[in-house]
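Asks: The lines below spell out each chain.
There are 2 protein chains.
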Amino acid sequence: MFFLYLRTMNTEIITIGDELLIGQVIDTNSAWMGEALEREGFKVSRKTAVGDVEEDMLDAIDSALKRADIVLLTGGIGPTKDDITRSTLCHYFDCGLHFSDEVYENVERIFYNSGRGMNELTRNQALVPDACTVIQNRAGTAPCTWFERDGKVLVSMPGVPHEMKWLMTNEIIPRLKQHFCRDLFILHKTMWVTGFGESALAIELTDFENELPSFIRLAYLPQPGLVRLRLTANTQNEEEAWKAIALQQEKLRQILGNHIITEEDKPIEVLIGEALLAKGLTMGTAESCTGGHIASMITSIPGSSRYFKGGVVSYSNDVKSDVLGVSTEDLEKHGAVSQPVVEQMAKGALRVLDCDCAVATSGIAGPDGGTKEKPVGTVWIAVATGKGVVSECYHFTTVRDTNVLRASSMALLMLLDQLHHNRL
Amino acid sequence: MFFLYLRTMNTEIITIGDELLIGQVIDTNSAWMGEALEREGFKVSRKTAVGDVEEDMLDAIDSALKRADIVLLTGGIGPTKDDITRSTLCHYFDCGLHFSDEVYENVERIFYNSGRGMNELTRNQALVPDACTVIQNRAGTAPCTWFERDGKVLVSMPGVPHEMKWLMTNEIIPRLKQHFCRDLFILHKTMWVTGFGESALAIELTDFENELPSFIRLAYLPQPGLVRLRLTANTQNEEEAWKAIALQQEKLRQILGNHIITEEDKPIEVLIGEALLAKGLTMGTAESCTGGHIASMITSIPGSSRYFKGGVVSYSNDVKSDVLGVSTEDLEKHGAVSQPVVEQMAKGALRVLDCDCAVATSGIAGPDGGTKEKPVGTVWIAVATGKGVVSECYHFTTVRDTNVLRASSMALLMLLDQLHHNRL
Numbered sequence: 001m002f003f004l005y006l007r008t009m010n011t012e013i014i015t016i017g018d019e020l021l022i023g024q025v026i027d028t029n030s031a032w033m034g035e036a037l038e039r040e041g042f043k044v045s046r047k048t049a050v051g052d053v054e055e056d057m058l059d060a061i062d063s064a065l066k067r068a069d070i071v072l073l074t075g076g077i078g079p080t081k082d083d084i085t086r087s088t089l090c091h092y093f094d095c096g097l098h099f100s101d102e103v104y105e106n107v108e109r110i111f112y113n114s115g116r117g118m119n120e121l122t123r124n125q126a127l128v129p130d131a132c133t134v135i136q137n138r139a140g141t142a143p144c145t146w147f148e149r150d151g152k153v154l155v156s157m158p159g160v161p162h163e164m165k166w167l168m169t170n171e172i173i174p175r176l177k178q179h180f181c182r183d184l185f186i187l188h189k190t191m192w193v194t195g196f197g198e199s200a201l202a203i204e205l206t207d208f209e210n211e212l213p214s215f216i217r218l219a220y221l222p223q224p225g226l227v228r229l230r231l232t233a234n235t236q237n238e239e240e241a242w243k244a245i246a247l248q249q250e251k252l253r254q255i256l257g258n259h260i261i262t263e264e265d266k267p268i269e270v271l272i273g274e275a276l277l278a279k280g281l282t283m284g285t286a287e288s289c290t291g292g293h294i295a296s297m298i299t300s301i302p303g304s305s306r307y308f309k310g311g312v313v314s315y316s317n318d319v320k321s322d323v324l325g326v327s328t329e330d331l332e333k334h335g336a337v338s339q340p341v342v343e344q345m346a347k348g349a350l351r352v353l354d355c356d357c358a359v360a361t362s363g364i365a366g367p368d369g370g371t372k373e374k375p376v377g378t379v380w381i382a383v384a385t386g387k388g389v390v391s392e393c394y395h396f397t398t399v400r401d402t403n404v405l406r407a408s409s410m411a412l413l414m415l416l417d418q419l420h421h422n423r424l
Numbered sequence: 001m002f003f004l005y006l007r008t009m010n011t012e013i014i015t016i017g018d019e020l021l022i023g024q025v026i027d028t029n030s031a032w033m034g035e036a037l038e039r040e041g042f043k044v045s046r047k048t049a050v051g052d053v054e055e056d057m058l059d060a061i062d063s064a065l066k067r068a069d070i071v072l073l074t075g076g077i078g079p080t081k082d083d084i085t086r087s088t089l090c091h092y093f094d095c096g097l098h099f100s101d102e103v104y105e106n107v108e109r110i111f112y113n114s115g116r117g118m119n120e121l122t123r124n125q126a127l128v129p130d131a132c133t134v135i136q137n138r139a140g141t142a143p144c145t146w147f148e149r150d151g152k153v154l155v156s157m158p159g160v161p162h163e164m165k166w167l168m169t170n171e172i173i174p175r176l177k178q179h180f181c182r183d184l185f186i187l188h189k190t191m192w193v194t195g196f197g198e199s200a201l202a203i204e205l206t207d208f209e210n211e212l213p214s215f216i217r218l219a220y221l222p223q224p225g226l227v228r229l230r231l232t233a234n235t236q237n238e239e240e241a242w243k244a245i246a247l248q249q250e251k252l253r254q255i256l257g258n259h260i261i262t263e264e265d266k267p268i269e270v271l272i273g274e275a276l277l278a279k280g281l282t283m284g285t286a287e288s289c290t291g292g293h294i295a296s297m298i299t300s301i302p303g304s305s306r307y308f309k310g311g312v313v314s315y316s317n318d319v320k321s322d323v324l325g326v327s328t329e330d331l332e333k334h335g336a337v338s339q340p341v342v343e344q345m346a347k348g349a350l351r352v353l354d355c356d357c358a359v360a361t362s363g364i365a366g367p368d369g370g371t372k373e374k375p376v377g378t379v380w381i382a383v384a385t386g387k388g389v390v391s392e393c394y395h396f397t398t399v400r401d402t403n404v405l406r407a408s409s410m411a412l413l414m415l416l417d418q419l420h421h422n423r424l
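Chains A and B supply the protein sequences, listed in that same order.
In this text, residue positions in the first sequence follow the numbering used here: the first is 1, and each later residue adds one.
In this text, residue positions in the second sequence follow the numbering used here: the first is 1, and each later residue adds one.
One thing to keep in mind: the hints can contain errors.
Since the list gives no way to pick out one identical chain from another, each pair is judged satisfied if it fits inside one copy or across any two copies.
Below 27 Å or equal to it, Euclidean Cα-Cα: the simulated DSS-like pairs (lysine-lysine) are [unchecked claim]:
(1) Lys-243 <-> Lys-333
(2) Lys-279 <-> Lys-266
(3) Lys-251 <-> Lys-387
(4) Lys-374 <-> Lys-81
(5) Lys-165 <-> Lys-177
(6) Lys-81 <-> Lys-165
(7) Lys-372 <-> Lys-152
(8) Lys-177 <-> Lys-374
(9) Lys-81 <-> Lys-266
(10) Lys-374 <-> Lys-152
(11) Lys-81 <-> Lys-251
(12) Lys-81 <-> Lys-66
Hints are computed from structural coordinates only; laboratory data are not their basis.
As the structure is a computational prediction, the values presented were derived from the model and not from experiment.
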């Protein structure tokens, strides 16, 4: 097959703030931005985080603009002294500041709506660099600024997640699409595969991988209970990309068969919601060691009130017996982390929450509370439906957070399995 | 005051993986690493994320090693083809690979313990670059490799969070402390301040900030309902740092008084746990719009079972009335998002979960479901105790996730306020 390496519009993201470097804040912005950009065919080739230090910011901006066509900055544009992105950009683009009436009106409107008074620092938010085009930030007071040089674009945005998201969706991405004639089409397709570890799956797919055309890449993204298998096509021709990916997907279906649980790369909580809505069913939760995390995952999806009735976080044995009706005898005899208890929790949730199916978890999240028979990471999970209850014991890790995440995912995978196999 | 700019051991973190750039995975590793390094006095000056592309990795490694003394890599060392960190490091350090018996034994042990069989790809994990010192990864199969050149150190670690954490804690940080004689002491102190917006607080602190010695910096980290105020001292003299910070803290106490709700920079869920344990009290939750997120925050803390009895996620009105005993009349008359309903939810939780205090939330998380009277972002929050119930209505944003996070934080801040002011 004839193949050309094509020039693409490289995008780099620079996040600014000491709090990102010393770990006081986890950067969720750049992941969201990466996804939103990729969806529109902009390739993110690098992300850099620097502190509120002018020298470091200048160096990061300058080298990013040398490599990339688009550089997106977030953070460091609040009203306080520690935020120096605006003055740094003035230095970099060698310009001064001027007062923008348009920005001032926006700031005034936001303060008026929130019932707070303006002050000197908030008024200064209306000072903008001469070299930029101002983009109004309808979601907050700090304006977004757009710079162009030698056909390249640099945009400075607030670091506040919902302001950044509003700006990216409504302003930045539409303008970037207009500004750049993209000459490369990028297509991702991800399948979820169960029943294989990462390397066992790679061995199964050795021949498949060797036969892949050079413009398609395969990546393995292991997760609790499954491996996400991602095919990526990079080509100038959109039709070619769709055709080639469809062909490779078909090959994977033939090799992996039932091991593929879905070809839609959606979070498990979305897949659960879609399956429940399709069947007109409702669900509930009874959580011990996952402590509300499963309910929280399910309710993170807009519209989940159509199928999620509620949940009980039965952290203490009292709540397990008093609210969910678990037998106190079984609690004493088998302990809270046991098959009879987790099954009664799931069945109790069905009854108390009046739903069609329910998941339950009971385990030892750690770091303490493990025993020789039930070490930290031991988790019982049950799924109850009108047709009965299934349960399984898992052994995860010694790390609390990891155990909660894994148990939550496995519980929802078990529920999805019940929903998919038409047992409901 | 006499002041010297001191040379410090600069550390950079490079995270590797296409999944980080296209946003399939949120990078929580580098925040954890930043915090762990800062605690030990290593300054993280930059973080870079690149894809599984050799050219980009080489460039990122080379420029990081030019700027920094320590470069820590995570990711890209799994057994599959898309992981190329090891081969890239061989190119960069101009060396070959050899088979390490020691690593092989570790891989074999892990496979044996997990009951899985080895295969060709997992055996290959024992191939290590000639130029490195191998550090055993007791938490997983991919070995950690340590390279030195011109007095600088580069370490390549797995991207799997619990493996990276085990390695950093038990191997990397102790070795870095031994290898580098740190000549700069870094001290952070963070206070939580309520009752001010970010800029109003900055104006209040104008004089304070102007009088700060040049080796102390002040940063404003706004959060829902509060501003975290961080003082950072950078100096050669540990004693000087502690003294200077203590002096500035005392000044802030005099300026801000009761607006300081804590001087310990701990997550709100930790502060709640400490306050409950100190008073020998238990708590519970009744969540509607936060969907289990508050329970999940509370139970993320090890040992929370000592004070958290459980929670009810009453997403549907049925669960609000049937499980928590909210009056169906009030639900109909005032709607679920109302003062009477949220107060009855909190009191219901006290009774049903048999706890000493309870928080309840009911609101419109969005993006849909808003009305003119109750737009998206309207959230009622109540705290019930033996002494009665307090409640408050908030107006957050139009973004679902943000509303859940803000409502959860505000609910816990309201509870902390009740606990602090000895009303319990």
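Asks: If a hint holds in the structure, say so; if it does not, say that too.
Replies: Now the hints, each set against the structure:
no. : hint                : in the structure
1   : Lys-243 <-> Lys-333 : neither (59 Å within a copy, 57 Å between copies)
2   : Lys-279 <-> Lys-266 : within (19 Å within a copy, 44 Å between copies)
3   : Lys-251 <-> Lys-387 : neither (36 Å within a copy, 66 Å between copies)
4   : Lys-374 <-> Lys-81  : neither (53 Å within a copy, 37 Å between copies)
5   : Lys-165 <-> Lys-177 : within (17 Å within a copy, 40 Å between copies)
6   : Lys-81 <-> Lys-165  : within (24 Å within a copy, 34 Å between copies)
7   : Lys-372 <-> Lys-152 : neither (61 Å within a copy, 43 Å between copies)
8   : Lys-177 <-> Lys-374 : neither (56 Å within a copy, 36 Å between copies)
9   : Lys-81 <-> Lys-266  : between (41 Å within a copy, 24 Å between copies)
10  : Lys-374 <-> Lys-152 : neither (59 Å within a copy, 44 Å between copies)
11  : Lys-81 <-> Lys-251  : between (58 Å within a copy, 19 Å between copies)
12  : Lys-81 <-> Lys-66   : neither (29 Å within a copy, 30 Å between copies)
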